[in-house]
Amino acid sequence: MSQRQLAMVMDLNKCIGCQTCTVACKTQWTNRNGREYMYWNNVETYPGSGYPKKWMELGGGFDTAGDLQLGVVPNIASDYGVPWDYNFEGLAKGEQLKPDVTPTWGPNWDEDEGAGNFPNDNYFFYIPRICNHCSNPGCLSACPRDAIFKRDQDGVVLVDLDRCQGYRYCIAGCPYKKIYFNPKISKSEKCILCFPRIEKGLPPACAQQCVGRIRFVGFLDDEDGQVYKLVTKYKVALPLRSDYGTVPNVYYVPPTEAPPKFDAHGKIIEGSTRVPMEELEKLFGKEVHAAAKTLKDEMKKRKETGESELMDLLIAYKHDDMFRLDSGYYADYAKSHSLEPIKIVDERYINGKFTKEMKFFAPKGGHA
Amino acid sequence: MKKIVILALTCSLFGLSSAMAESIVASKVSDDLSKININSKVWQGAKEQSFIAYPQTTIEMIDADVIKLNAHNKAKKILVKALSDGQNIAFLLKWKDSSNNVQEGYSATAYGDGFAVQLPIKLDSLPYIGMGSEGRPVIVHLQKATGKTYEPNGNKDVYHQVNASNQNAFEKDLQTYKGDVTALGNGDYQRAFISEGFRSMTQIKDNSEDAMMQMSYSKGMWSGVIVRKLKSANLDLSKGTFPVAFAFWDGDKKNRDGAKVLSSWLGVSVQGSNVKLSYLDEMNGGDAKNGEQVMLDNCSSCHQYKEIKNAPNFMAPNLSNIGGYSNASYLVESITHPNAVVVPGYNVNAHPSYPWYSVDDKGVRTSMMPPFDSLDKKSLTDLVAYLKTLKAEVE
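Protein sequences appear in the order of chains X and R.
Per our numbering, the first sequence starts with residue 1, numbered consecutively.
Per our numbering, the second sequence starts with residue 1001, numbered consecutively.
Possibly wrong hints are sitting among the right ones.
Unchecked claim - So the derived list for chain R, only partly shown, Cβ under 7 Å to chain X, looks like this:
id, residue
1, Gln1049
2, Ser1050
3, Thr1058
4, Ala1064
5, Ala1108
6, Ile1121
7, Asp1124
8, Ser1125
9, Arg1256
10, Asp1257
11, Thr1336
12, Ala1350
13, Pro1352
What the hints assert, rightly or not - Cut-off 20 Å, straight-line C-alpha distance, at most; resulting in silico cross-link-like pairs (SDA-like, lysine to any residue):
id, chain 1, residue 1, chain 2, residue 2
14, X, Lys54, R, Asp1065
15, R, Lys1035, R, Lys1172
16, R, Lys1178, X, Asp100
17, R, Lys1047, R, Ala1071
18, X, Lys93, R, Lys1028
19, R, Lys1309, R, Ala1071
20, R, Lys1205, X, Asp100
21, R, Lys1178, X, Tyr86
As the list claims (entries may be wrong) - If you anchor each label on the Cβ, the simulated ranges turn out as follows:
id, chain 1, residue 1, chain 2, residue 2, range
22, X, Pro103, R, Phe1170, 18 to 26 Å
23, X, Val23, R, Asn1155, 54 to 62 Å
24, R, Asp1361, X, Lys303, 54 to 62 Å
25, R, Lys1309, X, Asp321, 54 to 62 Å
Because the hints were derived from the structure by calculation, they are not lab data.
The beta carbon of each residue, even a glycine, is placed where N, CA and C say it ideally should be.
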């Protein structure tokens, strides 16, 4: 256990599956250097296969006795999907646009398919997933090299690339399959909760860029923070698959607000809801019923009285209010513990800051 | 020091034979071994000896595929040649492998074949076979068959980390860029580590434990060679007698880390060396049949071994191949003084119901196993004789 724990809350009622978070993360961290197939942040359709394919069936996590469970390492081509590219250069020579590999699988292959029959009772919703920065990480327990650590100051789970030997047991041990093997450097990599941003008081890129304002970030022990209120005070934000026993620190406000179903004549069935509670129970546990009730009660209260702290929080009037981070805390912590800054995953942006010119931007002979 | 005295006493009490039972003779040559390679003619004059490497089954790896693929592993015969020129020691290893596996390409599930050579830093006591133990450090040289791998931080060369399709380059420039990136990769996955028990293993990056290692595959056999100095920053093997251990990985079976076959500590004697290392001595006699009963009575409630599974899973190390990769002196020591070697390897997070040791405020580990120093001499000898029979058959 870390001294403090940073957590994220995602309100699934507001997620529109636009993948802006995915793109923010990808351009920040994973569009290069062997990480091309990785999505440290992905948004998947539920019900659906998810990313990697059927991750919930790939093992890892702990049983009720606390024993780490066997898992498998997914295959890039068949389970994650090889990122394919197009013959853009050939277009100039009159070639037909075509992918460079024959795609057979990729993230969001089954996007928006969902379940049920259109239009009567079909349904789906989106689940954005990042590393859960668990309090009892399966990846950390599975690593035979002590290469994975959980930071004391905020509970962020990181891979020490100096110690990592690329054994990949962490991938088998993580029930969320949110740690990845980088074949180029032969080491494991994962979401770092944008710790270089967080230490400067900025939210992770995925949260900063979220157009639906679904993501709250803050410390779990900050009683004035939205994260604390949603998780502990109102108990409307629940961890995903807590039955895996890893004590995840990403929480979800379950998508309880779905449109009603239609009957055979296309008429609304009053009081019905498209998202079955048993599916939500699978994901978020039995607590989902109480959470749904609180949400409904507070909505009603808001309608009747015009007041509800919970609804105000979830509406998130001001973007800045969604993030309770403090660069001063990190600075003080580093000073009192004589910490050197951790080497970040790569130094592209630091270097970029001082880059005066990019070689290929300069006009050259032959390229008018 | 106390531990060593105790060990010396125990060993002498239990009559370990005076000769190293399994010993590699390194022929003395006048050629400069630092200049040789896997195909050098100098190997022709070296004596070839065979030893056995056994499947590691002390700890089960948590990859379901690995468990399935390695469930019926047999022990592997390895052929060893050793040479010394007085400055360097060289080993040529050969082992059978039906497939040549190289970890390469854009894959998360490719694993390379490989081998490793382990040498103790101190010669006064035998380190734990699994990458040493506290106070008994080892140097491990590892060679794996891989395609090109890259430094995680690209040696601060950010420019060449960018994916080619994100690069602002086209046609010739793009080809040049791709070529430059390829040139930055290292196709020789060779590492040196220092370790006091698996989990503590740390890569040596300052070249203080330099070695020449090579691997080559031909007709169903791997050959691997290592040449290194007898004396280096951490190691002094110049007296000519020292233990060595070998490990081999089969990429086809998704082998890596603990999923491997390994030898016990084997003695190496450079031609002309008269030094004796009593901890490598094998034991004489002992009634394995009686030892089996001693084992059932004393050990089986915690340890699983072969088909004996009275103990709960994860309670204690599995002893199914303990006789294959353990030396008699280690077995005697571990039975009578379990705290002599408490390896910081077992992950207390992974199976918290059965911690194998406790750790106090000062970081001192105490084994959960009680010392069986009350066993009489015959029972102990018989038990060790039985433990030595616990090993997989040779393929």
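Each hint, compared with the structure:
Evaluation of the Gln1049(R) hint against chain X yields a violated restraint, the C-beta minimum of about 30 Å exceeding 7 Å. Hint status for Ser1050(R): violated, given a least beta-carbon distance of 30 Å to chain X, over 7 Å. A hinted interface residue such as Thr1058(R) counts as satisfied when its beta carbon comes closer than 7 Å to some beta carbon of chain X; here the least separation is about 12 Å, so the hint is violated. Residue-level restraint check for Ala1064(R) holds (minimum Cβ-Cβ distance to chain X is 4 Å; threshold 7 Å).
With its C-beta approaching chain X no nearer than about 4 Å, Ala1108(R) sits inside the 7 Å limit, and its interface hint holds. At a threshold of 7 Å, the smallest CB-CB gap from Ile1121(R) to chain X is about 20 Å, leaving the interface hint violated. Using the Cβ-Cβ criterion of 7 Å, the hint placing Asp1124(R) at the interface with chain X is not satisfied: the shortest such distance is roughly 27 Å. Look at Ser1125(R): its Cβ only gets to about 24 Å from chain X, farther than 7 Å, so that hint breaks.
About 5 Å separates the beta-carbon of Arg1256(R) from the nearest beta-carbon of chain X, less than 7 Å, and the hint is met. A cut of 7 Å between beta carbons decides the hint on Asp1257(R): the least distance to chain X is about 4 Å, and the hint holds. Because the closest C-beta pair between Thr1336(R) and chain X is about 28 Å apart, greater than 7 Å, the hint is violated. Taking 7 Å as the C-beta cut-off, the interface hint given for Ala1350(R) holds, the closest approach to chain X being about 4 Å.
At about 5 Å, the closest approach between the beta carbon of Pro1352(R) and any beta carbon in chain X falls short of 7 Å, and the interface hint on this residue holds. Between Lys54(X) and Asp1065(R) the alpha-carbon distance is near 17 Å, which keeps this suggested pair within the 20 Å criterion. A C-alpha spacing of about 40 Å is found between Lys1035(R) and Lys1172(R), which places the hinted pair above 20 Å, so the restraint is violated. Between the alpha carbons of Lys1178(R) and Asp100(X) the distance comes to roughly 16 Å, so the proposed pair stays at or under 20 Å and holds.
As the CA atoms of Lys1047(R) and Ala1071(R) are separated by approximately 34 Å, the hinted pair breaks the 20 Å bound. Straight-line distance between C-alpha atoms of Lys93(X) and Lys1028(R) comes to about 67 Å, which puts the hinted pair past the 20 Å bound. Restraint check for Lys1309(R) and Ala1071(R): satisfied, since their Cα atoms lie roughly 16 Å apart, inside the 20 Å limit. Note on Lys1205(R) and Asp100(X): the hinted pairing is violated, with a Cα-Cα distance of about 39 Å set against a maximum of 20 Å.
About 17 Å separates the Cα atoms of Lys1178(R) and Tyr86(X), which keeps this hinted pair within 20 Å; it holds. In this structure the hint that Pro103(X) and Phe1170(R) lie 18 to 26 Å apart at CB holds, the actual value being about 24 Å. For Val23(X) and Asn1155(R), the Cβ-Cβ distance of about 29 Å falls outside the hinted range of 54 to 62 Å, so the restraint is violated. Hint check: Asp1361(R) to Lys303(X), Cβ distance near 58 Å, so the stated range 54 to 62 Å holds.
A beta carbon spacing of about 58 Å between Lys1309(R) and Asp321(X) agrees with the range 54 to 62 Å that was offered as a hint.
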